[in-house]
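Novice: Here is how the chains run, residue by residue.
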Amino acid sequence: MTELEPWRQSGEAPREALELLQHAHSPSALDARTRARSRRRVAALSGVPLAAGVMLWIQNVALGAVLGGAGIALVTVPNWRGQTREATLAPVASASAAPRVSQRAPVFVPPPQPSIEPSSKPLETAIVARSTTPEVESPVAVSSPTAPSLMQEAQLLERARGLLDANPERALEVLSEHQANFARGALQLEREFLAISALVRLQRHAEAARRAEQLRRMSPQSLYDERLKQLLDGASSKP
Amino acid sequence: MASIPSFSSVAASAVELDVNRVHEDYADFVWRTLQRLGVVAQDLEDALQEVFVVVHKKLTTFDHSSRLSTWLFGICLRVAAAQRRRAYRRREELVSELEERLLADPGSDPEQSLLRQQAAARLELVLASLTLERRAVFVMFEIEGIAAPAIAEMLGVPVGTVYSRLSTARAEFTQAVARLERRDGKRGSL
Chain P
1 MTELEPWRQS GEAPREALEL LQHAHSPSAL DARTRARSRR RVAALSGVPL AAGVMLWIQN
61 VALGAVLGGA GIALVTVPNW RGQTREATLA PVASASAAPR VSQRAPVFVP PPQPSIEPSS
121 KPLETAIVAR STTPEVESPV AVSSPTAPSL MQEAQLLERA RGLLDANPER ALEVLSEHQA
181 NFARGALQLE REFLAISALV RLQRHAEAAR RAEQLRRMSP QSLYDERLKQ LLDGASSKP
Chain A
1 MASIPSFSSV AASAVELDVN RVHEDYADFV WRTLQRLGVV AQDLEDALQE VFVVVHKKLT
61 TFDHSSRLST WLFGICLRVA AAQRRRAYRR REELVSELEE RLLADPGSDP EQSLLRQQAA
121 ARLELVLASL TLERRAVFVM FEIEGIAAPA IAEMLGVPVG TVYSRLSTAR AEFTQAVARL
181 ERRDGKRGSL
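Protein chains in written order, with our numbering: chain P, 1 to 239; chain A, 1 to 190.
Hint data in this document are derived by calculation from the structure and do not stem from the laboratory. Even for Gly, the Cβ is constructed at its ideal location relative to N, Cα and C. One thing to keep in mind: the hints can contain errors.
Said to hold, decoys possible - Quick partial rundown of chain P residues pointing at chain A, CB under 10 Å, derived from the structure:
(1) L20
(2) L45
(3) G162
(4) D233
Produce the complete structure using the sequences and hints provided.
Specialist: Put into structure tokens, the structure is as follows:
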């Protein structure tokens, strides 16, 4: 489909229509005082903001607990199962296997319990097989607390993405918020890409090109290369 | 095979939306959209408030299947349509208000002000002859210079729909201008 040009640029419109359009003004931006008045009214609409904040906090804590618990469970269950098996095997294991059991003990020592998964393998095979499985890091080193952070990062970026077309300036503010909270976050490359997209929409092409160069340096030959190329080429081809 | 939800949709559904946040992010968009839809300056603040009252009531029904801006545009359309009906009823009142302000503006050249007011009134008359959807597209494309793909994104419609609305709006705009010229011509010849 060929790109249409606005009448004022193409000059294809009837003269009277063009004359009339000369008196047109772009919609004005919302001024700070009206925004503040409107914000107060909207806050009043939403009931008691403090209560809403507390509810949100509780929800976030619950979400964090669930995700964190799930992460810990993922790591400790196999560990615990291994411990249980060893605990079951220990009395009859060979002397050479015994130290290995004690080396694994310090991080998490479950109370002796009956094995929930009796091994059908011969004794030695079971121990050797277990010793060749990769070591699982202790629960302390597990990144379970980052799961909620990742969710928060994603939420901020998704919020910014939703604002790109309607309000790129606000999108940039949200992305700055992401930068302040998650300077080295897992989604920092996506943040930079969104920021460049917002700058392009705001016609701040020089700034966009500068940040694109930084992004390329941060992550050479990444998937963003092609997206950046399309974004910046598309921007430069527009009047 | 079960479809895997995209990262984006998962994150979007997890976004905690509340009316305060929507206001923070989209108040300016709503404000501009209402102007694009022809809500006059005197009614803008009320209309803005009306939109957010609806957002407050209906936010739980927003299912993330479209962009939030698209959903908000739909609300703006309904609010602007209601405003348009009310404004029509009190058009006479508005005209007299405009005249009073014109006379009460001692700093400006009355003749120039009058010409500007007349031109603005003529433009508004022509734009008011368009349906609200076409008017919004026309204003965004012809007056604000927003590219068609960006308008499509904002309104949640295909680019083809934007071009189609624009093409119809241009034709209607041209016809309305011609009608106005004819009417002025008749008046002049009397």
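Novice: Quick check on the hint: L20 (chain P) CB to chain A CB, less than 10 Å?
Specialist: OK, holds: L20 (chain P) within 10 Å of chain A, min 5 Å.
Novice: Please check whether G162 (chain P) passes as an interface residue: C-beta within 10 Å of a C-beta belonging to chain A.
Specialist: 5 Å, holds
Novice: Should the interface hint for L45 (chain P) be scored as holding, given a Cβ-Cβ cut-off of 10 Å against chain A?
Specialist: Holds: closest Cβ of chain A sits about 5 Å from L45 (chain P), inside 10 Å.
Novice: Is the shortest C-beta separation between D233 (chain P) and chain A less than 10 Å?
Specialist: 14 Å, violated
Hint violations for this structure: number 4 only, all remaining hints satisfied.
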